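**Q** If you count the sequence shown from 1, you need to add 155 to reach the numbering used here.
Hints listed in this document are in silico derivations from the structure and should not be mistaken for laboratory results.
Careful, some of the hints might be misleading.
Unchecked claim - Label pairs and their in silico Cβ distance ranges:
1. 257 <-> 164: 14 to 20 Å
2. 213 <-> 156: 21 to 27 Å
3. 164 <-> 223: 29 to 35 Å
Bear in mind the structure is a predicted one, so any value in this text is a computation, not a measurement.
Heads up, the beta-carbon is just placed ideally off N, CA and C, and yes, glycines get one too.
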Amino acid sequence: SFGLRAEPSSLRIVSRDASPLELGLARDPRSLGVAVRRLSVFGTEDTHVSDFADADWTEGFHDAEPDNGWRWTNGDAAVPQALFRDIGGRFVLEVEVASVARYRADLGAAA
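Please put together the full structure from these sequences, using the hints given.
**A** In structure tokens form, the structure reads like this:
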């Protein structure tokens with residue numbers, strides 16, 4: 156959860172990223188950051204909730220994975236601006252992360 160004082164002109168979910176294929180973990184060539192299940196904005200005027208199947212999750216997001224109930228970021232994803240509409244004043248953005256990728260640093264630490 157992140158508290159913000161006013162509506163941002165843009166907001167991003169930024170993380171490390173890695174390709175399971177390049178790490179020898181799976182055949183998936185995508186660059187994966189974090190798997191997000193839901194984005195919620197709680198404000199003084201209104202509350203907006205958006206889940207992984209929302210068509211507004213485009214920039215920096217991979218296709219929705221209905222079987223898993225999430226959508227992976229590529230490590231730099233834009234939070235849809237529609238979530239901030241009519242929120243007014245201070246608000247809290249809650250990002251429900253369902254999974255994270257394995258990264259080179261993680262693999263090196265395990266060896």
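**Q** Now look at each hint and say whether the structure bears it out.
**A** Verification of the supplied hints:
1. Between residue 257 and residue 164 the Cβ separation comes to about 33 Å, which falls outside the hinted range of 14 to 20 Å.
2. Look at residue 213 against residue 156: about 23 Å separates their beta carbons, and that is inside 21 to 27 Å.
3. As the Cβ distance of residue 164 to residue 223 is approximately 32 Å, the hint placing it in 29 to 35 Å holds.
Hint 1 from the earlier list is the only one contradicted by this structure; the remaining hints agree with it.
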